[in-house]
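*Asks:* Required output: the full structure, derived from the provided sequences and hints.
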Amino acid sequence: MNAANPQYEYGLLKFGTILTVILLVAGTAIGTYAAAQLAWPFLNFDIAEITFGRLRVVHTNTIILGFGGLALFVTSLYSVQRTNSNRLWCVPCAWLSALFLIVSIVGGIIGIAFGLTQAREYHEMEWIFDLGVAIGWVLWTMVFVMTIATRDKEKVPHVYVSNWFYLALLIAVTYLFLVNGLSIPVTWYKSYSLYSGVQDAMIQWWWGHNAVGFFLTAGFLGMMYYFVPKQARRPVYSYRLSVVHFWALIFGYVWLGAHHLQYTAVPDWTGSLGAVISLAMIIPSWGGALNGMLTLSGAWDRLRTDYILRFLIMALAFYAMSTFEGPVMSSKTVNALSHYTDWTIGHVHSGALGWVAMVAIGSIYHMVMKMWNTEMYSMKLINVHFWLATLGTVLYIVAMWVSGIMQGLMWRAYDEYGVLAYTFAESVAAMHPYYVMRFMGGVLFVAGALVMLYNVAMTVATAKSRQPAVAAA
Amino acid sequence: MAGHNPWPNEGNTGHIWDEDIRELDNPPPLWWMLAFYAGFIMIIFYAIYYPTIPLANGFTKGIAGWTAIKEYEESYNELKAWRKQKFADKEEKLASLPLADIMKDTDLKLYAVATSKMLYGDNCAACHGAGGMGNPNFPVLADDDWLWGGHINQIHASIANGRVGNMPARGMMGNLSDEEIEQVTDYVMALSQGKGNDPAVAAGKAVYAKGMCLACHGPNGKPLAPNGAANLTDQIWRFVPFNDGTCKSMVEKTQRDAVLRTIKYGVNVKKNGDLIDCTREGAMPAWKGRLSDKDIKRLAIYVHELGGGQ
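Quick note, the sequences are listed as chains Z and B, same order.
Per my numbering, the very first residue in the first sequence carries number 1; after that it's consecutive.
Per my numbering, the very first residue in the second sequence carries number 1; after that it's consecutive.
What the hints contain is simulated information worked out from the structure, not anything from laboratory work.
Small disclaimer: the values here were computed from a predicted structure and weren't measured.
Backbone N, C-alpha and C fix where the C-beta goes; we use that ideal spot for every residue, glycine too.
Careful: at least some of the hints might be erroneous.
As the list claims (entries may be wrong) - Using 27 Å as the maximum straight-line C-alpha spacing, the simulated BS3-like pairs for lysine-lysine come out as follows:
id	chain 1	residue 1	chain 2	residue 2
1	B	K90	B	K288
2	Z	K332	B	K61
3	Z	K332	B	K70
4	Z	K14	Z	K370
5	B	K84	B	K117
6	Z	K332	B	K80
7	B	K117	B	K288
8	B	K271	B	K210
9	Z	K380	Z	K464
Stated by the list, open to error - Pulled a few chain Z residues facing chain B out of the computed Cβ check, cut under 7 Å:
id	residue
10	T83
11	Y237
12	S272
*Replies:* So, in structure tokens, the structure goes:
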């Protein structure tokens with residue numbers, strides 16, 4: 001078999017892959033512009049649709065649901081075919097699923113810019129778009145499950161670990177999304193949530209944290225488990241490790257939500273439970289990072305020459321770091337300082353830029369070469385992209401660490417009269433240099449994404465005219 | 001592919017996917033397994049220490065006796081006790097003495113200023129700017145130009161009870177024509193440069209009298225006593241060009257436009273309960289009830305000492 005084998009369905013995935021790269025550029029560019037607005041507020045030009053309050057939400061939705069969702073969609077449907085040696089079950093269903101997802105997400109995002117929102121973090125789009133996402137999601141789940149179910153069980157008796165993680169993502173997000181989205185529509189574009197008060201907060205963060213746990217972690221671990229051994233051409237370090245850390249994560253993640261609500265009106269036990277399970281999740285999370293990294297044992301020299309592998313391994317390093325940082329931030333003592341500060345934003349981005357984006361970028365480069373059956377237009381540009389992305393991410397998170405901790409310390413500082421030492425406005429003014437630094441980090445990351453878009457576009461455009469990378473074998 | 005293992009000696013599980021994906025049969029690293037168990041054991045100790053486990057009726061309280069509100073109250077009470085021990089006499093005097101007496105006690109006055117920075121920053125600075133430097137259409141507090149008076153008691157009254165500006169549109173009787181408004185605008189501009197008696201603005205001066213502007217702004221453009229009306233003989237403008245999109249009838253480009261708008265549409269002019277288009281909004285909220293009496297006194301002293309108190 002080779003990549004050009006007609007056994008596999010690539011048409012939809014090729015389309016989806018290119019759109020994913022476009023969404024990466026769009027989402028990070030919007031985010032960078034929003035970051036610029038924090039440093040130089042005049043940049044909103046008093047236009048309601050692009051003020052920070054809306055643009056930030058457009059950014060998070062474009063990145064999480066748009067870029068992240070589509071990256072998961074294409075990589076899951078790519079790897080599920082290959083790890084089950086089975087053609088996609090019901091290709092039209094998969095197209096229909098993509099159509100529902102893309103139209104609803106794009107519609108929802110445009111709606112947000114025009115002020116249509118449920119005001120639930122990471123679940124802002126209004127009910128009508130929600131419904132479209134849900135239909136697309138269930139169709140995707142169905143295609144994925146059936147592709148596994150209809151495999152030749154003689155030839156492929158076992159289901160590979162990447163598929164477990166994708167399945168966890170698909171199943172968990174289905175119920176998380178639906179339960180959190182329960183609402184009563186009053187017009188086509190307006191609904192009211194079924195929940196209120198403390199219940200509302202609990203349900204919202206039960207979803208909110210699992211947008212991180214299942215969407216941005218479990219799904220992307222699935223991606224890691226396929227593309228790391230594939231790109232490294234090395235066996236996964238430990239089967240048993242993958243079993244243990246998989247079930248530990250699946251057990252743990254659903255409990256964490258309340259750590260977003262420390263020191264609020266929710267009962268004290270919920271925060272404690274969220275915090276302690278978070279702390280217990282450090283080691284299971286590191287299980288994934290270890291398994292990925294140790295896959296390289298004996299082949300570390302590959303990192304010198306294989307730029308795609310660099311993305312995947314750097315992603316695992318950021319994953320290990322942010323899965324340590326997150327639980328530490330959820331503990332009461334640290335949370336009392338870090339909550340509501342930029343540290344949270346920095347943490348999210350070390351996960352989103354360092355882990356999610358980098359592992360997806362590496363996987364996309366790998367897929368582009370396989371699906372178009374060619375080398376990349378320029379391998380050097382992948383390296384350029386790698387350094388732009390890495391430096392951009394580091395600049396971003398360092399800026400937010402410093403500004404976040406400074407913010408937290410300024411808010412709680414007392415002077416010699418026992419009066420708070422700084423006004424809120426003074427803490428905002430003190431953030432300015434770090435907001436500029438964060439913006440520059442964003443610029444580097446977007447520049448990298450543009451390099452990728454160019455490289456992918458040129459690869460696709462010239463694929464036919466160049467020699468195939470691998471002879472059919 | 002099952003049964004055929006091209007990598008028989010690397011210790012894989014024998015499962016092979018997509019031509020070359022396989023997994024080794026390594027156990028997880030020992031340190032990892034130990035840490036893994038330790039993590040779950042920690043949950044038990046944590047749950048004994050903190051309120052953690054929900055029960056049918058309530059939840060376990062934990063042996064530490066910790067609650068979030070208790071943690072907050074304890075640290076706040078500690079601070080309060082420290083403050084009381086150090087500054088109780090000063091706080092007592094601030095609360096009981098009249099402002100005039102506090103102003104004579106330099107030590108106490110400086111204490112009031114030093115403890116007002118946050119109060120000012122969080123409640124006043126949004127409009128009046130850091131250090132009282134003002135903002136477009138929000139008065140500067142650091143100079144000696146006062147609309148409602150710069151004496152400590154007047155400043156205190158402004159903060160405690162708030163102030164609502166009011167100026168009728170088109171003169172006191174509301175009957176100035178567009179042409180008369182142009183003329184009186186020229187006169188006001190001339191006044192600000194000390195040229196009120198220039199024959200070129202004689203017509204405007206007549207309108208100033210006809211419109212009874214002098215009732216509040218004084219016969220020569222300077223109010224006889226603080227009443228909220230601006231002093232027109234200096235170049236400190238209460239209202240500057242401020243195109244925030246809420247005024248639909250005109251666009252202000254120059255300071256003359258801004259003066260003309262104020263004369264034509266007045267300040268806080270209402271019709272049927274709603275502000276009319278382009279009228280100026282000038283209102284300071286009352287802080288009595290929102291801040292303690294002691295804090296309002298403190299702020300009055302702070303504002304007085306910004307530089308312009310009389």
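*Asks:* Name the hints, by number, that the structure is in violation of.
*Replies:* none
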